[in-house]
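**Student:** Here is how the chains run, residue by residue.
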Amino acid sequence: MSSLRGKTAIVGMADTKVGKLPHIGATELCVEAAMLALEDAGISKDQVDGLVTCHSMTEPHMYHAEAVAEYMQIFPRYCVTANAGGGTTFSVLQNAAAAIATGICKTIVISMADCLRTGLTRDQAMALQSSTGHPQFEIPYGPTVPAFYALIARAHMEQYGTTPEQMAAVAVNGRNYAAMNPRAQMRDPITIEDVLASRMIADPLHLLDCSLVSDGGAAVVLTSAEQAKDFPTDPVYLLGFGEGHGHEHISQARSLTTSAAVESGRRAFRMAGMGPGDISVAQIYDCFTPVLLIELEDLGFCSKGEAGAFVAAGETALTGSLPMNTNGGLLSYCHPGNPGSMFGLTEAVAQLRGDSGERQVSNAETALVHGQGGIMSSHATVILGQEQVL
Amino acid sequence: MSEHSGKVCPQSRPGTEPYWQACKRHEFLIQQCKECGNHQFYPRIICTSCSSRAVNWIPASGRGTVLTWTVVRRAVSNAYAAEVPYVIALIKLQEGPVLMSIVRGCEPESIHAGMTVEVSFEEWSDQVSMPVFVTTSG
Ligand SMILES: [Zn+2]
Numbered sequence: 001m002s003s004l005r006g007k008t009a010i011v012g013m014a015d016t017k018v019g020k021l022p023h024i025g026a027t028e029l030c031v032e033a034a035m036l037a038l039e040d041a042g043i044s045k046d047q048v049d050g051l052v053t054c055h056s057m058t059e060p061h062m063y064h065a066e067a068v069a070e071y072m073q074i075f076p077r078y079c080v081t082a083n084a085g086g087g088t089t090f091s092v093l094q095n096a097a098a099a100i101a102t103g104i105c106k107t108i109v110i111s112m113a114d115c116l117r118t119g120l121t122r123d124q125a126m127a128l129q130s131s132t133g134h135p136q137f138e139i140p141y142g143p144t145v146p147a148f149y150a151l152i153a154r155a156h157m158e159q160y161g162t163t164p165e166q167m168a169a170v171a172v173n174g175r176n177y178a179a180m181n182p183r184a185q186m187r188d189p190i191t192i193e194d195v196l197a198s199r200m201i202a203d204p205l206h207l208l209d210c211s212l213v214s215d216g217g218a219a220v221v222l223t224s225a226e227q228a229k230d231f232p233t234d235p236v237y238l239l240g241f242g243e244g245h246g247h248e249h250i251s252q253a254r255s256l257t258t259s260a261a262v263e264s265g266r267r268a269f270r271m272a273g274m275g276p277g278d279i280s281v282a283q284i285y286d287c288f289t290p291v292l293l294i295e296l297e298d299l300g301f302c303s304k305g306e307a308g309a310f311v312a313a314g315e316t317a318l319t320g321s322l323p324m325n326t327n328g329g330l331l332s333y334c335h336p337g338n339p340g341s342m343f344g345l346t347e348a349v350a351q352l353r354g355d356s357g358e359r360q361v362s363n364a365e366t367a368l369v370h371g372q373g374g375i376m377s378s379h380a381t382v383i384l385g386q387e388q389v390l
Numbered sequence: 001m002s003e004h005s006g007k008v009c010p011q012s013r014p015g016t017e018p019y020w021q022a023c024k025r026h027e028f029l030i031q032q033c034k035e036c037g038n039h040q041f042y043p044r045i046i047c048t049s050c051s052s053r054a055v056n057w058i059p060a061s062g063r064g065t066v067l068t069w070t071v072v073r074r075a076v077s078n079a080y081a082a083e084v085p086y087v088i089a090l091i092k093l094q095e096g097p098v099l100m101s102i103v104r105g106c107e108p109e110s111i112h113a114g115m116t117v118e119v120s121f122e123e124w125s126d127q128v129s130m131p132v133f134v135t136t137s138g
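Protein sequence lines correspond, in order, to chains Z and U. Okay, so the first sequence: first residue is 1 according to our numbering, each after it adds one. Okay, so the second sequence: first residue is 1 according to our numbering, each after it adds one.
Hint data in this document are derived by calculation from the structure and do not stem from the laboratory. Computed from a predicted model, the values in this text were never measured in an experiment. Glycine residues also receive a C-beta, built at the ideal position from the N, C-alpha and C atoms.
Each pair of labels, with its calculated beta carbon distance range:
(1) U:Gly96 <-> Z:Lys229: 55 to 61 Å
(2) Z:Ala127 <-> U:Cys50: 36 to 42 Å
(3) Z:Gly314 <-> U:Glu35: 53 to 59 Å
(4) U:Arg13 <-> Z:Ser303: 41 to 47 Å
(5) Z:Arg199 <-> U:Cys50: 43 to 49 Å
(6) Z:Thr191 <-> U:Ser49: 48 to 54 Å
Using the sequences and the accompanying hints, generate a full structural model.
**Tutor:** As structure tokens, then:
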């Protein structure tokens, strides 16, 4: 089977409003994101023959994508629900691209939404999210999601001397971009001192090392590279995909400080025929600040142990060598749970279209988007580019 | 027992029943492969190293060292709130496997990587004795 490189393109995309949306449920928000993306692509729902969604924690359906198709009254020939979020978001994107490349269907809407902010109580959200732990051998001890990630943060500190200040710099990076994003949930400027002074949640993670809890949805319209030319938008081509899956439960991880992002990144770069130095802008999963440091290293943007200094030196700012998480990321733009990675994807498309306003990266031709899910468990990397890098 | 009420008690499954039954007797079991000698935890029907199905339950030393840890300051639910701050750690057993547990009996500030710990059991209900770890002097 030949490579998926350049076979498909994103021709429509949209984010819903994000933050606190008490007047809309997760199913409606998923439909809203899909309709906005179709509008952006200039097509009607009847021109869609594929639908991909993700499970919602607040409005679960056993057959989620089917429920959304029924709600919209579309009758796709390809209909898939992503099991969870994080890395699985881009796993289903790779599957969708393969479905198009092999002629299973022609035009797929990928729409993901949830309402963790207003649809769940704090206790419900804590319990649901920590259920990623092993039901017999982890959950009974009372770990929270920040606690799972704190175990990784501490291991990275022990092994490489990473500091709380360097982790805080990741949060500051996200907030600096969010200040330039009128849609972001949290826009007030913060400093490293603010992060370190925020309440300790699970040592060494402070409140501001943790991502947001949000309502929100995002969608993209995916079609073949040939068909993409018939759409009114500038197509953004999918050049590389890669996945890596290391474990489910953190106590079973092969390594606490090196993740399966090594494999996912290497596979995506190989398909794209590129390396880290070819990337104009990156959107990398930042559910907690130390996660981003490990991913930067494992994707090859820094050597092991160097990511803290890299971010602290401003290399991920708009003026740095690798502008990163330019919408504010999960730390400051929004994080509605399973849909989280989608916002990195839509921001990458916006950057490659030149539509990112004040936070636009100049001459952005290529973008890398990376998602991870579980507790550094499943990783997926996508590389996108404008037509001239095809 | 009331201090443990409301906590998530492990529900044993057919494959893990011997482990939880042993905990009731305050014995700490792991598995060892008869073919290649590999130790493993959690329990499985195959050896993760050589795929043999000849995996046996063996009594483990119950001793290990802290690989990494965190101090939970915001409990996962009300049932755990009384224990805040509590220490969650990944512990490398002397036999090799790594597991998650709670570490009791030390100030959260004193915990460090490489610290030696040993298993202890708490009665969480009539059905469940929960293995936890406590710090040792050496
Ligand atoms: Zn074996």
